[in-house]
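A.B. asks: Sequence:
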Amino acid sequence: MDGYINGNTDFKNIFRDLLVALENEDDIDFDTKFYLINNKLTPTNFGAKTTHISEKLTPQNTAGKGNKGSSDFEEILDKILEKQEGNTISIITADFIYSPKGGSDVPSALEKLKTYTEDAFLKAGKKNDFDTRIYRFTSDFNGIYYDYNNKKIPNIQKRPFYYIVIGPKNLMGLFDSEIASQLRNHSGFENEALFTNANFKSIPIKIISTGHNGRIKTRGGDLEVMSYPRTGNLEFIALVDLEKLPVSQSYILDKNNYQLSNPEFTIEEIGVVKGKNINFSNSGSLKMDPSTLVKIKGEKYTHAIKFSADGLVSENLNFSLRKKIPTWVDKVNSNDDRQIQSDSLEQTKTFSFGYLVSGISEAYEQQSGSNKYFNITIPVTQN
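First residue of the sequence shown? That's 1136 in my numbering, and the numbers climb one at a time after it.
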């Protein structure tokens, strides 16, 4: 991590803003403790006020505190999770490059990382119900990069780093809305992920017409097909209120995160409800007609899912938002970082990161007994 704390880097700027946000948050009474992590947890505050700790983060000040030559993150997470109880929020910031002690077979080492991470979260989940959030950032980097063979590689200018935040649901919601929302304003912020055991069984829904491509009647969440279009597919829109869903906007708007039980239907696109309009990224803004606005008066809907049906509909539509690893995680994972100096795309990736996240994800899926945030059935009848 020396390259992130050598000079005035984005890593230190973001960390400073985190400390200031924590210190000045009124809704959560933070009693903050700091640890340096590599092969072990080393408590330290560098003898500085909380908001000034980022200024003390230098390669010189962290020298001799643990073994910087290795980072067994599955063991570190295990130690942190052992201390996870009550109203504790654990915030771990690191590059999360897996550097196990000694040389080892890479595929075997990566599977070990995944399995042991899963085990750590499963054990902790038996004692406490907590959420885990991951935030990805990019910082300038002034140091030496070490590949998985521990070879020194200079002249890497930018590198990603992450915050993994673990805590009880009630506090994690406040952390995300009050603290993380400030960090998202940084130009270095890129992506985020959520892992939770929570299921959302009551999602408000209203079916409306697109105004073309077939004629339908609706009654709340029910759909009656009056006539099919002469050309093209039958279309309709489901308005839903996902305000309480603790996932990112980008996750909600990605139709690949949804699952449909009836192959006759597909999701065309997902939009955001803004006043009288629905803003779709592909087809643009759709103004809801006056009759629709009367129907939804006094009700709140945040998103709109446009469905289409190819041919005659023979059964109800069941759809769900799956709990899955966001697609960005696979894109930033690296299984081989030896060519990082000459490969600009590789420089944006993190060796082993996908295996770490997979271990977390699989633990949550086992604990919750469901891989869905919500599951909705739209009864469909024919005229």
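Read the hints as simulated data drawn from the structure, not as lab findings. There may be inaccurate statements among the hints.
Said to hold, decoys possible - Here are the computed lysine-lysine pairs in the DSS-like style, where the Cα-Cα straight-line distance is at most 27 Å: (1) Lys1287 x Lys1168; (2) Lys1390 x Lys1507; (3) Lys1336 x Lys1249; (4) Lys1507 x Lys1293; (5) Lys1379 x Lys1422; (6) Lys1432 x Lys1336; (7) Lys1262 x Lys1304; (8) Lys1422 x Lys1411; (9) Lys1293 x Lys1304; (10) Lys1258 x Lys1304; (11) Lys1287 x Lys1218; (12) Lys1422 x Lys1249; (13) Lys1379 x Lys1336; (14) Lys1435 x Lys1484; (15) Lys1432 x Lys1304; (16) Lys1507 x Lys1459; (17) Lys1432 x Lys1287; (18) Lys1430 x Lys1409; (19) Lys1459 x Lys1341; (20) Lys1261 x Lys1352; (21) Lys1261 x Lys1287; (22) Lys1261 x Lys1304; (23) Lys1247 x Lys1218; (24) Lys1218 x Lys1293; (25) Lys1293 x Lys1379; (26) Lys1422 x Lys1304; (27) Lys1435 x Lys1466; (28) Lys1430 x Lys1379; (29) Lys1352 x Lys1304; (30) Lys1249 x Lys1484; (31) Lys1352 x Lys1336; (32) Lys1247 x Lys1466.
Note that the structure is a prediction, hence the values are computed from the model and not measured.
A.B. asks: Next, verify each hint and record whether it holds.
C.D. replies: Here is what the structure says about each hint:
Of the pairs offered as hints, the one joining Lys1287 and Lys1168 is violated, with about 33 Å between alpha carbons and a cut-off of 27 Å exceeded. At roughly 14 Å between alpha-carbon atoms, Lys1390 and Lys1507 fall within 27 Å of each other, so this suggested pair holds. Distance check on the hinted pair: Lys1336 and Lys1249 sit about 30 Å apart at the alpha-carbon level, beyond 27 Å; violated. Between Lys1507 and Lys1293 the alpha-carbon distance is near 36 Å, which puts this suggested pair outside the 27 Å criterion.
Of the supplied pair hints, the one linking Lys1379 and Lys1422 holds, its CA atoms being roughly 25 Å apart against a limit of 27 Å. This hinted pair checks out: Lys1432 and Lys1336 have alpha carbons roughly 23 Å apart, not beyond 27 Å. As the CA atoms of Lys1262 and Lys1304 are separated by approximately 14 Å, the hinted pair is consistent with the 27 Å bound. Distance check on the hinted pair: Lys1422 and Lys1411 sit about 6 Å apart at the alpha-carbon level, within 27 Å; holds.
Proposed proximity of Lys1293 and Lys1304 is contradicted: the alpha carbons are some 33 Å apart, above 27 Å. Between Lys1258 and Lys1304 the alpha-carbon distance is near 18 Å, which keeps this suggested pair within the 27 Å criterion. For the hint linking Lys1287 to Lys1218, the alpha-carbon distance of about 35 Å lies beyond 27 Å, and the restraint is violated. Distance hint between Lys1422 and Lys1249 is unfulfilled; the C-alpha atoms sit about 47 Å from each other, more than 27 Å.
A C-alpha spacing of about 12 Å is found between Lys1379 and Lys1336, which places the hinted pair at or below 27 Å, so the restraint holds. With a C-alpha separation of about 40 Å, the suggested pairing of Lys1435 with Lys1484 is violated against the 27 Å cut-off. Annotation: proposed proximity of Lys1432 to Lys1304 is violated, straight-line Cα distance about 32 Å (limit 27 Å). At roughly 8 Å between alpha-carbon atoms, Lys1507 and Lys1459 fall within 27 Å of each other, so this suggested pair holds.
About 63 Å separates the Cα atoms of Lys1432 and Lys1287, which puts this hinted pair outside 27 Å; it is violated. Distance hint between Lys1430 and Lys1409 is fulfilled; the C-alpha atoms sit about 16 Å from each other, no more than 27 Å. A hinted pair counts as satisfied when its Cα atoms are at most 27 Å apart, and Lys1459 with Lys1341 qualifies at roughly 26 Å. With a CA separation close to 48 Å, the supplied pair Lys1261 and Lys1352 exceeds the 27 Å bound.
Annotation: proposed proximity of Lys1261 to Lys1287 is violated, straight-line Cα distance about 41 Å (limit 27 Å). A threshold of 27 Å between alpha carbons decides the hint, and for Lys1261 with Lys1304 the separation of about 15 Å falls inside it, so the pair holds. Between the alpha carbons of Lys1247 and Lys1218 the distance comes to roughly 22 Å, so the proposed pair stays at or under 27 Å and holds. For a cut-off of 27 Å, the pair hint linking Lys1218 to Lys1293 is broken: about 33 Å separates their Cα positions.
Distance restraint check for Lys1293 and Lys1379: the Cα-Cα separation of roughly 35 Å exceeds the 27 Å cut-off, and the hinted pair is therefore not satisfied. Proposed proximity of Lys1422 and Lys1304 is contradicted: the alpha carbons are some 36 Å apart, above 27 Å. Taking the CA atoms of Lys1435 and Lys1466, the gap is about 35 Å. The hint is violated against a cut of 27 Å. The hinted pair formed by Lys1430 and Lys1379 meets the criterion: a straight-line CA distance of about 22 Å does not exceed 27 Å.
About 40 Å separates the Cα atoms of Lys1352 and Lys1304, which puts this hinted pair outside 27 Å; it is violated. Our distance criterion of 27 Å between C-alpha atoms is met by Lys1249 and Lys1484, whose separation comes to about 18 Å. The suggested pairing of Lys1352 with Lys1336 holds, with an alpha-carbon distance near 25 Å, which does not exceed 27 Å. Taking the CA atoms of Lys1247 and Lys1466, the gap is about 21 Å. The hint holds against a cut of 27 Å.
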